[in-house]
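Trainee: Each chain is listed here by its residues.
Protein chains: 2
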Amino acid sequence: MTDIPRRRAGGREARHLLRAHSLVQREPFLTRALAPYEVLSDEGLSLLEYNADTILQEVGIEFRGDAEARETLRLGGADVDGERVRFPRGMCRSIIQGSAPRAFTQYSRNPERSVRIGDPNMVFAPSYGSPFVLDLDKGRRYGTIEDFRNFVKLAYASPYLHHSGGTICEPVDLPVNKRHLDMVYSHIRYSDKPFMGSVTHPDRARDTVEMARIVFGTEYLDGHAVVLSLVNANSPLVWDATMVGAARAYAEANQAVLVTPFMLAGAMSPVTTAAACAQTLAEAMAGMTFVQLVRPGAPVVFGSFASSLSMQSGAPTFGTPEPALLLYAVAQLARRLGVPFRSGGNLCASKVPDAQAAYESANTFQPTILAGINFVLHAAGWLEGGLTVGYEKFILDADQCGMAAVFTKGVDLSENAQAVEAILSNGPGQHFLGHPHTLANFETAFYRSEIADNNSYEQWLEGGSLDAAQRANPIWKRMLAEYEAPPIDPGVDEALLEFMARRKASFPDSNV
Amino acid sequence: MTDIPRRRAGGREARHLLRAHSLVQREPFLTRALAPYEVLSDEGLSLLEYNADTILQEVGIEFRGDAEARETLRLGGADVDGERVRFPRGMCRSIIQGSAPRAFTQYSRNPERSVRIGDPNMVFAPSYGSPFVLDLDKGRRYGTIEDFRNFVKLAYASPYLHHSGGTICEPVDLPVNKRHLDMVYSHIRYSDKPFMGSVTHPDRARDTVEMARIVFGTEYLDGHAVVLSLVNANSPLVWDATMVGAARAYAEANQAVLVTPFMLAGAMSPVTTAAACAQTLAEAMAGMTFVQLVRPGAPVVFGSFASSLSMQSGAPTFGTPEPALLLYAVAQLARRLGVPFRSGGNLCASKVPDAQAAYESANTFQPTILAGINFVLHAAGWLEGGLTVGYEKFILDADQCGMAAVFTKGVDLSENAQAVEAILSNGPGQHFLGHPHTLANFETAFYRSEIADNNSYEQWLEGGSLDAAQRANPIWKRMLAEYEAPPIDPGVDEALLEFMARRKASFPDSNV
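Chains A and B, in that order, are what the protein sequence lines are.
Going by this note's numbering, 47 is the number at position 13 of the first sequence; the sequence numbering is gapless.
Going by this note's numbering, 88 is the number at position 54 of the second sequence; the sequence numbering is gapless.
Quick caveat, the hints were computed from the structure, so don't treat them as lab data.
It is possible that part of the hints are untrue.
Unchecked claim - If you want the footprint, here are the derived chain B segments under chain A, 3+ residues with CB under 8 Å:
| no. | segment |
| --- | --- |
| 1 | 93 to 107 |
| 2 | 255 to 265 |
| 3 | 464 to 473 |
A quick note: this is a predicted structure, and the numbers were derived from the prediction, not measured.
Note that beta-carbon positions come from the ideal geometry of N, C-alpha and C, so glycine has one too.
Generate the whole structure from the sequences, applying the supplied hints.
Mentor: This is the structure we're talking about:
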């Protein structure tokens with residue numbers, strides 16, 4: 035078994051590829067050697083924390099349609115008035131810091147793929163939640179379970195993605211109330227990287243947990259997080275029954291919950307960055323507090339999803355400076371709180387994998403890397419504000435993830451890397467191409483992109499004047515053609531299929 | 035006079051644009067509110083400094099074909115042996131720190147355009163040195179003086195570029211030995227932003243100084259840097275007579291010199307980043323020492339241009355992690371030395387303004403911004419490893435420069451930006467679109483890109499499914515169509531034209 039995309043190139047080329055990939059391919063997640071970049075002083079951070087506590091105490095959060103959740107919070111010290119829950123200043127921080135782990139391991143069915151979520155680590159997962167898919171051959175269309183499986187396979191085959199993700203695309207050819215079963219099954223069957231569970235109904239969260247129990251065993255599950263699931267606040271200042279119910283189901287099973295306010299500044303929060311930061315902190319702390327009250331010590335990840343809004347059209351915009359500043363600032367707030375943090379990705383508003391897509395993605399992904407994000411959803415594939423996941427975009431983004439693996443290692447200061455003797459022995463005016471130091475190091479010296487075209491203009495013309503997206507097209511096709519499923523215990527597979535069949539038969543199809 | 039691109043939109047739209055641009059348009063250069071990102075500890079930096087001194091002392095630098103330069107260095111304390119010049123440990127640092135300014139002003143003929151070069155400021159200048167130009171209509175072709183003038187006009191019209199640059203493209207329709215006159219004239223005549231001078235021959239540097247004297251006056255020039263010129267080391271460890279001669283001509287006139295080792299790691303230096311850093315520091319210190327010995331106090335900028343090399347094809351590669359790490363590290367070395375620093379830009383190897391171009395550019399430009407570069411050459415237009423400057427790429431990159439202007443201001447923590455009252459008064463579940471705080475702030479809240487398409491997929495289809503480069507195409511055409519030259523004293527203009535005519539008549543055309 036290997037996750038190196040196999041190529042037919044032989045000899046020197048093949049050896050080169052093996053060595054070039056060897057730096058990163060064996061890493062189940064990244065471990066940063068570089069400190070995170072910070073945009074706010076301790077004083078600024080204290081101010082935002084104070085504001086978050088003011089919001090929690092004075093206006094509070096609505097926990098809608100779930101009296102049990104409000105009772106949990108009341109017993110934890112909150113002031114409940116109808117659906118409104120107010121948190122005395124300091125309560126949330128104290129509860130979160132009292133029991134939430136600073137870092138945790140999400141276990142995979144292949145132990146070599148388990149990921150450590152928390153500082154100084156980074157985990158890259160594919161795009162999440164798109165109803166549409168796009169490739170250069172068939173254009174934009176609704177996603178299907180076949181597309182879903184394809185993206186699971188691509189994430190599995192990529193040495194630069196660490197996680198199988200969740201709803202990579204919506205399989206709209208399956209009924210809404212049953213498709214979670216096929217999605218969870220696909221993650222388990224076609225990959226052995228860790229995965230995410232369903233959050234669209236508490237029952238579907240429980241189905242996810244049941245399927246995880248089939249794979250890992252009931253007892254194992256209670257002591258090990260094997261599912262990480264994304265719950266979004268209904269900003270501003272609302273947690274709804276679906277998300278709260280899903281969070282409860284996972285927390286009760288000691289499975290990890292990613293608590294993410296979804297903030298289009300100007301719509302879900304004030305337009306200003308400092309306000310969106312404080313509101314994000316308030317909403318996330320309320321959600322994480324709930325999880326800790328349901329099961330102290332259950333793994334939680336502080337999440338932040340933020341975008342600016344076009345004040346002309348109301349559309350979300352990506353890759354602009356304001357959400358980048360917010361990302362850096364909220365990452366600092368999460369570190370001070372002492373919980374793992376999720377944000378960023380390769381986000382863009384572009385409909386196609388063009389220059390807009392790449393500028394915007396990089397303008398989010400660079401802050402993602404430098405802010406020291408621990409879990410990166412949407413690391414590959416995202417287009418059109420998340421409405422579409424693209425096959426070529428996935429390949430282009432995964433290449434960027436590979437570069438991040440090298441960058442985050444920082445500058446090698448070993449004697450070999452300093453190479454003083456090489457410079458002294460080479461002397462003025464002599465190139466280094468044939469120097470023994472070059473020959474000994476060149477195969478691993480530089481990250482090598484599969485997509486970038488560094489040829490001459492004339493060579494590029496002869497090759498058909500392909501742009502980056504066109505060059506990415508055959509790569510995903512080759513990866514799918516050469517894909518081999520990781521082994522799975524046939525008994526487990528049978529039990530999963532049996533569980534799915536039984537569940538599907540137990541209630542009628544529905545598209546709500 | 036204004037440098038806001040005029041648009042025909044009236045009323046609300048026009049007011050919006052005015053206000054949206056008002057944040058940055060009046061700034062002749064950026065002043066960073068954010069601290070630079072650092073990838074090396076003090077210990078690591080000391081190690082690289084020690085290695086640079088070892089290189090300078092033990093193998094030294096060749097100053098080829100210029101005995102006068104070697105004599106200058108010998109009198110300054112260097113050990114000269116044939117063309118080889120060795121610098122005792124600490125000599126260069128001591129001389130540079132003894133007289134080179136930590137920051138300086140490059141004055142423009144319009145005083146409002148003068149730029150401050152040094153911390154905490156950033157100045158963006160266009161691409162430099164391309165023989166080819168590219169636009170979507172006419173494709174790739176050799177540059178002409180008309181192209182050159184066009185790019186001067188575009189840099190002048192862009193509110194996000196602070197500097198007119200130098201050889202934006204080579205005007206290959208003019209003889210090599212005379213085209214510098216037309217280039218310098220174009221910068222002066224078609225822009226009033228600061229500009230760069232010729233370095234292809236010491237005589238051409240002196241012509242540049244003469245033309246600057248016509249504009250600014252001989253006495254003024256001796257006390258004010260009005261020209262900034264780029265001299266490149268002939269790495270490894272060589273300074274050649276052309277560059278040294280040009281540097282001397284500018285330093286004697288107290289004009290600013292940008293001293294840049296040009297390092298394709300693996301060819302001009304060892305393949306490893308730490309080695310390329312130390313060698314860059316050694317070569318740059320040798321050059322800056324020479325300038326300070328020619329005229330103590332003459333403004334110098336420490337430059338670094340670095341790229342990885344494809345070890346398969348020998349082609350330079352851009353946007354990869356290794357040169358980004360080098361950029362951060364050498365920026366730290368320059369700060370410790372206490373001189374302004376030039377590096378980065380929107381660099382890429384792509385032949386066209388596609389996703390590769392944008393990823394690679396952003397992967398260089400983000401480090402450029404975060405490392406706190408003071409002078410950014412190649413901030414707009416660069417394609418194909420610098421062989422081509424693109425019209426559409428120029429527009430796309432200038433948009434990124436605009437974003438940098440907002441980003442570098444950091445997070446606004448004013449009471450208005452905190453907006454606690456807005457959050458408290460709005461309450462759970464109510465969007466902020468109509469909130470008074472939103473209405474009072476939305477026009478300046480977010481950077482607004484002219485190029486990004488944030489419309490719905492259906493709107494984008496209706497608009498012709500244009501990609502980012504296609505949307506940039508009409509923008510540069512509109513900017514050129516609406517361009518109005520800044521005023522110039524007719525007597526000065528006449529004197530410049532007369533000087534050029536006299537110089538051109540005084541020796542035959544030549545293409546060397």
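Trainee: Compare the structure with each hint and give your call.
Mentor: Results of checking the hints against the structure:
1. 93 to 107: The restraint on the segment 93 to 107 of chain B holds, since 4 of its residues have a Cβ under 8 Å from chain A and three suffice.
2. 255 to 265: violated (count 0)
3. 464 to 473: The restraint on the segment 464 to 473 of chain B holds, since 7 of its residues have a Cβ under 8 Å from chain A and three suffice.
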